[in-house]
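2 protein chains.
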Amino acid sequence: MNEAAALVSELPARYAADLDRVLRSVIGEHDDPIHRMARYHLGWVDEHGDPGQFNRGKGLRSTLCLLACEALSGDHRPALPAAVALDLIHNFTLSHDDVMDRDVLRRGRASVWKLWGVAQAINVGDLLCARAFTALGDLASPETIVAAHRMLADTCVAVVQGQSADIAFEGREDVSVDEYLDMISRKTAALIGASLRLGALAAGAPPTTGDGLADLGLAMGIAFQIRDDMLGAWGDPAVTGKPVGQDLRRKKKTLPVLALRQAADAPGRARLAELLAADEPADRQIQAVLELMERFGVREQVRGLADEHAARARTALGALPAPLADHPEFAALIDYFTTRRA
Amino acid sequence: MNEAAALVSELPARYAADLDRVLRSVIGEHDDPIHRMARYHLGWVDEHGDPGQFNRGKGLRSTLCLLACEALSGDHRPALPAAVALDLIHNFTLSHDDVMDRDVLRRGRASVWKLWGVAQAINVGDLLCARAFTALGDLASPETIVAAHRMLADTCVAVVQGQSADIAFEGREDVSVDEYLDMISRKTAALIGASLRLGALAAGAPPTTGDGLADLGLAMGIAFQIRDDMLGAWGDPAVTGKPVGQDLRRKKKTLPVLALRQAADAPGRARLAELLAADEPADRQIQAVLELMERFGVREQVRGLADEHAARARTALGALPAPLADHPEFAALIDYFTTRRA
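Protein sequences appear in the order of chains A and B.
Take 732 as the starting number for the first sequence in this note's numbering and just add one per residue.
Take 732 as the starting number for the second sequence in this note's numbering and just add one per residue.
Treat the hints as calculated values from the structure; they're not laboratory data.
Model, not experiment: these values are computed from the prediction.
Just so you know, not all the hints are guaranteed correct.
Using 27 Å as the maximum straight-line C-alpha spacing, the simulated DSS-like pairs for lysine-lysine come out as follows [said to hold, decoys possible]: (1) B:K984 - A:K983; (2) B:K845 - B:K982; (3) B:K983 - A:K845; (4) A:K982 - B:K982; (5) A:K984 - B:K982; (6) A:K845 - B:K845; (7) A:K845 - B:K789; (8) B:K984 - A:K845.
Facing chain A, a subset of chain B residues (Cβ under 10 Å, in silico) [stated by the list, open to error]: (9) D763; (10) I765; (11) V830; (12) G868; (13) D885; (14) T939.
All residues carry an ideal CB built from backbone N, CA and C; glycine is no exception.
Using the sequences provided together with the hints, build the complete structure.
Right, dumping it as structure tokens:
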């Protein structure tokens, strides 16, 4: 593990106890089935409602929010309500995404719809979405709360736009690289941008600082997703724990495939369609797709896009006021987002 | 049409132009596919995105909110942001409910999931939910907005609890009348109660007035749903436009069926199970279920429950301060909610 990855694995622990306390108070003591399912999805209990230690996700969004507030004000605590709201929004979208993508696993356990059906998984998401707005109600002043609600609602709309575009792309063969980048800027990066912006808001920083941090978060988020797509095509199985070309096997239309379709000549495009026509492409076919990508320079192109957004993030960081611009942890986070190997 | 029904059909028109203007400004000008689907669901456009006149629902919740504000302050306009939020929440739950219940029709047109799939119907609901919170941001003061956000989030949680219980009931044969009443108090009545409470909040009325109105709305909402269930079993086909025993045909576990199961002796219960065992019960079987209901006094019992909640609503109305207690339109609304024939 490199230095940046070590930091990212340590940072959430710094805030975990505070986050857990506030999150539990927002969810409340309700002991009905829908709250038990929500607690399961949050990684607090098993499917019978018994407490246990489960994977709760990396908490990247709440961590970014708290780190921004701490860097600006010297204290992370004013941003706790916003950080909890961000984790709730993220978990709300995951419950709905699992339904849409028919993903049977979430963080190593059965997804909510797999256990209790599509209807209850929609309900779990709806519950967590509502509670995200509840969480914001504990920010320091009415003015801050009003501004935070506006930001969170706008961010939800962006995430839904991205999710909706992603679904629509499944039925299209002509999605361009630019359309794809716009989609991930909404589906993934908007919430990362909002995380930093809400941290600045809670710290009482001027709106221009919030805007700068949102730019930084947006660039980081896009770089993060491109990196994810790179790992899905070219990740080292020994590090990712997933087979070579995992995304290609699952026929996901990630950036490498779209870039290949755009870069290839007509015979190359035909060959790609043929290779991915099988319901479950075999090793031989995956290998052939990867060779096509080498031939048309796709790996370099995708890496170039990742580098471009990482550079955008570093520029945005440098343009921020002093306590942020030379903040070692922010620089390390950008590093992690853009160079992680798993 | 009786006097109460006439009023209820006229009231929404009083506010329609204002509501439409605010609602459209909250949804904004976005012209992407997900916003087009949302506009379809709201009844603004057809499935190709072309504007037209479609059934947009009765707008009962927004009407109640505006009427409460107007009765208390002499002006409905301060409550417009809350009224729009309520219609958006209602429409958000409808898009998700249609997915959960596999309802192919909504207000006489194909439901969103039927046209564009389950994933996009979830997205439409999520979008409208977020925009409901956006809408509240235009209330008069930050303090009012904060209070309204708290109320709306709590109400969403209640609605989700009710929806989740309703789904869970489908897999159970032992749901009691009390459990059912608790379910509809959340799924249906909580939002009616919140509509009146938000109207009071927007009018600047003291919290006790809001509490009293919420009690009134809760009782009205329960009476409304019981009435709905009565119409589904005993409604006059000539008035409802639906076949006799519509809910029974669809094997919905509404109040009459649950009350019958609870009131019947063992042979009666066995007979009921047998009659409803067919995938699509025939006229003869529906008639036999209705006869069982007569034999065990179910119609009187259900009417008694409806009367009880209507009386609760009238008591709550009478306990409110003067401009409300003797408000002829509120009294007429209670009448409509509890006596409507379609």
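Tested hints:
no., hint, result
1, B:K984 - A:K983, "violated (41 Å)"
2, B:K845 - B:K982, "holds (22 Å)"
3, B:K983 - A:K845, "holds (24 Å)"
4, A:K982 - B:K982, "violated (41 Å)"
5, A:K984 - B:K982, "violated (42 Å)"
6, A:K845 - B:K845, "holds (22 Å)"
7, A:K845 - B:K789, "violated (36 Å)"
8, B:K984 - A:K845, "holds (25 Å)"
9, D763, "holds (6 Å)"
10, I765, "holds (4 Å)"
11, V830, "holds (7 Å)"
12, G868, "holds (5 Å)"
13, D885, "holds (7 Å)"
14, T939, "violated (21 Å)"
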